[in-house]
Structures are given as structure tokens and as C-alpha cells.
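Asker: Sequences listed follow chains R and V, in order. For the first sequence, my numbering gives the first residue as 1, with consecutive numbering after it. For the second sequence, my numbering gives the first residue as 1, with consecutive numbering after it.
Since the hints were derived computationally from the structure, they do not count as laboratory data. Note that CB positions come from ideal geometry on N, CA and C, so glycine has one too. Do not take every clue at face value.
Derived lysine to any residue pairs resembling SDA-like cross-links, with alpha carbons at most 20 Å apart [unchecked claim]:
| id | chain 1 | residue 1 | chain 2 | residue 2 |
| --- | --- | --- | --- | --- |
| 1 | R | Lys71 | V | Pro205 |
| 2 | R | Lys150 | R | Met179 |
| 3 | R | Lys71 | V | Pro28 |
| 4 | R | Lys71 | V | Thr66 |
| 5 | R | Lys71 | V | Glu26 |
Counterexamples of contact, computed for chain V against chain R with all Cβ distances above 12 Å [what the hints assert, rightly or not]:
| id | residue |
| --- | --- |
| 6 | Ala106 |
| 7 | Val157 |
| 8 | Gly172 |
| 9 | Ile207 |
| 10 | His208 |
Ranges between beta-carbon positions, derived for each pair [unchecked claim]:
| id | chain 1 | residue 1 | chain 2 | residue 2 | range |
| --- | --- | --- | --- | --- | --- |
| 11 | R | Lys150 | V | Gln69 | 43 to 49 Å |
| 12 | R | Lys186 | V | Asp114 | 45 to 51 Å |
| 13 | R | Val56 | V | Pro45 | 57 to 63 Å |
| 14 | V | Ala20 | R | Thr51 | 29 to 35 Å |
| 15 | V | Pro159 | R | Val56 | 29 to 35 Å |
| 16 | V | Glu50 | R | Tyr84 | 28 to 34 Å |
| 17 | V | Pro38 | R | Arg74 | 38 to 44 Å |
| 18 | R | Arg136 | V | Asp114 | 46 to 52 Å |
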Amino acid sequence: MGASTSLPPPDGAADRWLRVGGAGRIAEVEEALLEPAGQSLKPLLPSVPRTVEVEVDERAARRSLREQIGKLERELSQAFVAAYPRDGIEWSVPSQAGPRILSLGELERVRDGLALRLRTVRGDLTERARCEEENRRLVERMMLDPGRHKFVRVSREDIGERGCGGWHVRPRLGIIGMMMGWWQVKLSSGCPLST
Amino acid sequence: MDASEPGLDPGAVPAEGAIAAEVREEFPELRLLWLSAPAVTGRSPRGVRERLRGMSDRFRGSHAVTMRQAPVPWAYRVFYRHIGLDPDADRTPVEAAALTRLIKGAFKSEGILDDALLIALMETGVPIWALDADRAAPPLEIRSSGDGERLGRTDEVLPLPAGRLVVADREGPLAVLFGDLAPGHGVTKRTRRMILFSIQVAGVPTIHVEEALHGCLDVLAAA
Numbered sequence: 001m002g003a004s005t006s007l008p009p010p011d012g013a014a015d016r017w018l019r020v021g022g023a024g025r026i027a028e029v030e031e032a033l034l035e036p037a038g039q040s041l042k043p044l045l046p047s048v049p050r051t052v053e054v055e056v057d058e059r060a061a062r063r064s065l066r067e068q069i070g071k072l073e074r075e076l077s078q079a080f081v082a083a084y085p086r087d088g089i090e091w092s093v094p095s096q097a098g099p100r101i102l103s104l105g106e107l108e109r110v111r112d113g114l115a116l117r118l119r120t121v122r123g124d125l126t127e128r129a130r131c132e133e134e135n136r137r138l139v140e141r142m143m144l145d146p147g148r149h150k151f152v153r154v155s156r157e158d159i160g161e162r163g164c165g166g167w168h169v170r171p172r173l174g175i176i177g178m179m180m181g182w183w184q185v186k187l188s189s190g191c192p193l194s195t
Numbered sequence: 001m002d003a004s005e006p007g008l009d010p011g012a013v014p015a016e017g018a019i020a021a022e023v024r025e026e027f028p029e030l031r032l033l034w035l036s037a038p039a040v041t042g043r044s045p046r047g048v049r050e051r052l053r054g055m056s057d058r059f060r061g062s063h064a065v066t067m068r069q070a071p072v073p074w075a076y077r078v079f080y081r082h083i084g085l086d087p088d089a090d091r092t093p094v095e096a097a098a099l100t101r102l103i104k105g106a107f108k109s110e111g112i113l114d115d116a117l118l119i120a121l122m123e124t125g126v127p128i129w130a131l132d133a134d135r136a137a138p139p140l141e142i143r144s145s146g147d148g149e150r151l152g153r154t155d156e157v158l159p160l161p162a163g164r165l166v167v168a169d170r171e172g173p174l175a176v177l178f179g180d181l182a183p184g185h186g187v188t189k190r191t192r193r194m195i196l197f198s199i200q201v202a203g204v205p206t207i208h209v210e211e212a213l214h215g216c217l218d219v220l221a222a223a
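In isolation and in its complexed conformation, chain V is listed as follows:
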């Protein structure tokens, strides 16, 4: 299916985002996969909440400790080092979720979309982010930010430092790579369509990324 085609299709084929030449030269295995889907928001149904509970019960402290040795979380840790982040300070998404689980004692339901993203993350180790499709101008791209560029469309945020790696659309940066989404570009109750995107790094098999996106759509479709 084309990424911009309407309808929530769990079998949708994700589109491949562009990688700027200077980024591709350094990280030839970096990929950005994204797809568009109708927005699903609101409270999670009982089935999803039970799935989260089951995940919480199966997830132990030993998983959290040994997680960084598993191939996919390790690949993201290494990529963090390569782009100048310290994964012990700025946690990778899967490690952040694991830490939250240990602190809160469970994977707490935060709404259907967040739950779907969390389930996909914990089952594959691959992070997914959701953007408001009406406020984005795909195709998406990973590139370095230019001088004076701001995150999002508002002038209220400070300009990004030049050279910051971002996920951008045709009009500008929408998210810092592995960081915050631009203010006002997240999915809200008023969002009609959303863009789900994921970042594949060296050492992460493509099937994991596709599985994460499809798993997320599965959860949303069941809601």
C-alpha cells in the first residue's frame, strides 16, 4: 500500500524515507521507515490493557540488566555512541521503557496509541514515533539541521544547533533523531491521520523494524 493511502491496514508496506547524502556516507545502514494511518486515540480496550499486564508480569529485573547484551538494544546503544549520545544518560527507547517498568512496577496504560507503540517497542526492541500527518509534509528524511532551523513550525522554540541530526519533512525538522518531537506535531485527540516512523540502524534486521510497525498497527486495528 502507498504510505499516504487512507485506511488502517495492518499489512501496510512502510515507505522508505530519504537519508541525506552526508548522513548516508557515514551511516550507510541507517534507514527511516514510515507509513501513514488513520489516527487512533483514546483509552485502550481491555484486551490491550491485559496484554500490557502480561508483558509486565513477564518482564523481570534480569531482563532489564541483560537487555543491553541483546543484539537489537545493543545496536541502538552503539549507534547512540556513534552520534555522540551517551546511552547511560540519554536512554535508548527500549531501555527507557524497561527502566520505567522497574520504577513504576508495571507497564501502565497511557492510551491506545502509546500502548501500541510500547508493545511494539518491548516486543522487538525497535522504537516507533507517531506524528500528526496533517501537520507534516512527507516524505520524511534524516538529515543534519541547517543554521537557524527550528524544530517544528513555531517560532517559540529556540533554533537547533547546526548539524543536529533530525527527522524532517519538506518544510523542516519534525523531531530530533531519537529525541523530542517538535511541539504541536504529536498525535492528539483532534488528529485524523498520523505518520508512524521508525529508525533502523546497523545491526537491526529489517524484519524487526517491519514487525514493530505491523505489530503497532495490529494493536491499533484491534482497538
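Looking at chain R on its own, in the form it has when it is part of the complex:
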């Protein structure tokens, strides 16, 4: 605290100050101190914390968020195209009850929603690609050694392709083949109407 405030206040101002008391009663304090005429009591006022209103220009932040949203939307669109023909993937990102001008917080929610959706979709696609690769290897093994994969069936969908066809290990000549160990892979091209 400065030297000026450590001096005793003149003309009973200190009494008034003490009588009024309470840091939250600034207006009353000011009134009490300024009341006595003839002397400037301003320097004796304790330093009063005041709330300073600063106008923050959020436009730049919103512009930046919109750019991020555009970039994420592009990446999500790329993922959508890459995911085809796989289905069952959720692409939607919750709307913000538009159309209207979104606040900074709402734009952040859109950006975060897109980022989360993109991460989820990429995770799903990675997992599916791994499964599909395993299934492709399984088809290869079925072709090489049908006898060790009796009745195993892999659909085209299981390897990430369109259509309802697939590979199925079945005995040649029915029950005779089953008894003799004559196994083969039957390749189905699927239903022509399904595509």
C-alpha cells in the first residue's frame, strides 16, 4: 500500500471510514469520505478493485473453428467414400438446432462432434479391415486345404465386397464325399437381383 494511504485521514474521515466498514460497501465508503467539504480525500481511499469489462472479439476464433469444421468434414467425407460398401457405420453428428448463427461454444461442440465421429469411424474401419484381411487369408487356406475347413462359409461381405455370394467348403457328391473326405470350395456368385 502507498504512503498516502498510511497517513491518518484528516477531519474525522477515519472515524467515518471505520464506522462504515466492510469491503463490499464501496459506495457508502466513498460517500462517507467525500462528504466533508474543503479537502480532497481522494488519495486516502483504499485501492478499490473494480471489474473491468473487456470486449473479446470472438470472430477470429469462430472463423478458425469454421475452418477446422470444414477440414474435418472433408476428412469425414473421404472416410465415407473409403468405407463403401461397408454398412452399419454411424456417420451422423448431432445438429445444433439450426439454421442459425452458432456461438463459439456451439461451434466447438460441432468441431468436437466431428472429430469424435471421425475417430470412431476410423477405428471401426481399421477393425473391419483387420477382420476382412483375416477372412481373406481364411479363404486362401480354405482353397489350399478344404479338408481342414469343413463346412466353413465366408461371404463376400465378410471380406468387404458387395454382393451376397461367398465361399463354402462342402463335400463333393454329398454324403459319399463326406465319408471319403472329398472336400471342395463352392464359390457362389450370389443373387443377381441383390445388386
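Dock chain V against the given chain R, drawing on the hints supplied.
Answerer: Just chain V, lined up with the frame of chain R:
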């Protein structure tokens, strides 16, 4: 040509609608283009129906899947996100048309005006809407709706939520941005003149919008 001048002129220069200051601050590249033309309604002539058939034949599933990566549809998707819409729930006009084509198996003729709007949309990716000019008081403007404002002139519709982005004329909102037209303001058989308007967003070249409006007028002029 002035937007209010009579006569169907395929070379008409569209007028530029106003964008409210608070909207322009946020979306400086948003534009509203509109023009006035004599209303054309009724069944599409054979030429237009054949054009639709040709479009249907050329449009494949692969187009629908990759559409969102194309610059113009992508720009509208991004704008949808910016204004709080989910383009996978509320489809952009071009994606909605593509989906309808896939579901119905073809672009079905719905009358000359709808067909003209659809052809322009599918060829440019830019949506156009048509309003009854006798029930509108141009110039048009994009702005936020005020407290208690209703869509259109009737009291039968519920008030819009404050802050909803709308296309409005001097008297009030005529359409929700990228949404429904106000009831009773669409083009009907009794409409004499109509207003065609389009919305350009960031990333959509002006020439696409003008091409869409002129393409639409071309189809209507040929009818």
C-alpha cells in the same frame, strides 16, 4: 435486366439480395441471388422429360457415394455444419435429390417448374427455390428471425424460434434458410410471376450459381 422486369429472359442478370449485417459478419461469402420471371407451370414437355431420363441413366450409385467429395456439394455440407445443421440428417438439396433418384430408380417428372429446378440442381449442385412473386415484397434478404416472427403471412403457423436464419422480404420471413418455404408462398397454377432465388456459400463459384439460374430459365423458356 432488372429483376422485376417482365418477360422470361434466359440471359437475365440476377439481382443480389441483402445479407443482414450480423449474418454477413459471420459469413462474408454468403450471397443471395434472385430474379423474377413469368411463372411456368404444368406438365413438362417431352424434351424435358427425356432430359430427365438421360440424367437418370447417367446418374449411378457411385455418383451418389462420391458426391460429398465434389467441391460444390462439399461446400454446402460444410455450410450446413456452420449453421448447426447435420447434412446426414437434413440432407443438402443435391444429396436429397440424389437419394430420391436412388430410391425411386429415376428422376421422376413432377411438372415443368420442379423439373427445371431439379435439372439445374443436378447439373450444378446449386439449389434454387421458387416463390410466388405476387405474395412476396422484394428485395429479398437473409437475416435472423426476430422474436415471435412467423413464416409467411398466415397466423396459422407457429412462430419461428428467435435467431433462425431465414430468407425474408420487406414484410417477413418467406423461407427458412435451406428449409421449407412459407405455406402459401410456393408457385401454384394461379401464380403469374415467380421469384427464383439461390443461395451461394463459401466455396461455391459465382458462375455455378448463375449457371444454375440460367439453366433453370433455359428449361422453362423451352417449355
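Asker: All hints, please: hold or fail.
Answerer: Going down the list of hints, with the structure as the test:
1. R/Lys71 / V/Pro205: At roughly 19 Å apart (the allowed maximum being 20 Å), V/Pro205 and R/Lys71 satisfy the hint.
2. R/Lys150 / R/Met179: 12 Å, holds
3. R/Lys71 / V/Pro28: 19 Å, holds
4. R/Lys71 / V/Thr66: Within the cut-off at roughly 17 Å; holds.
5. R/Lys71 / V/Glu26: Distance ~18 Å between R/Lys71 and V/Glu26 Cα, so the pair holds.
6. Ala106: 18 Å, holds
7. Val157: Check passes; 17 Å lies beyond 12 Å.
8. Gly172: 17 Å, holds
9. Ile207: Holds: least Cβ distance 21 Å, greater than 12 Å.
10. His208: 18 Å, holds
11. R/Lys150 / V/Gln69: 43 to 49 Å: Hint holds: Cβ distance 45 Å, inside 43 to 49 Å.
12. R/Lys186 / V/Asp114: 45 to 51 Å: 50 Å, holds
13. R/Val56 / V/Pro45: 57 to 63 Å: Since R/Val56 and V/Pro45 have Cβ atoms about 59 Å apart, the given range 57 to 63 Å holds.
14. V/Ala20 / R/Thr51: 29 to 35 Å: 32 Å, holds
15. V/Pro159 / R/Val56: 29 to 35 Å: 32 Å, holds
16. V/Glu50 / R/Tyr84: 28 to 34 Å: Holds - the Cβ-Cβ distance for V/Glu50 and R/Tyr84, about 31 Å, lies within 28 to 34 Å.
17. V/Pro38 / R/Arg74: 38 to 44 Å: 41 Å, holds
18. R/Arg136 / V/Asp114: 46 to 52 Å: Holds: the Cβ-Cβ distance is about 47 Å, inside 46 to 52 Å.
Of the numbered hints listed earlier, not one is contradicted by the structure.
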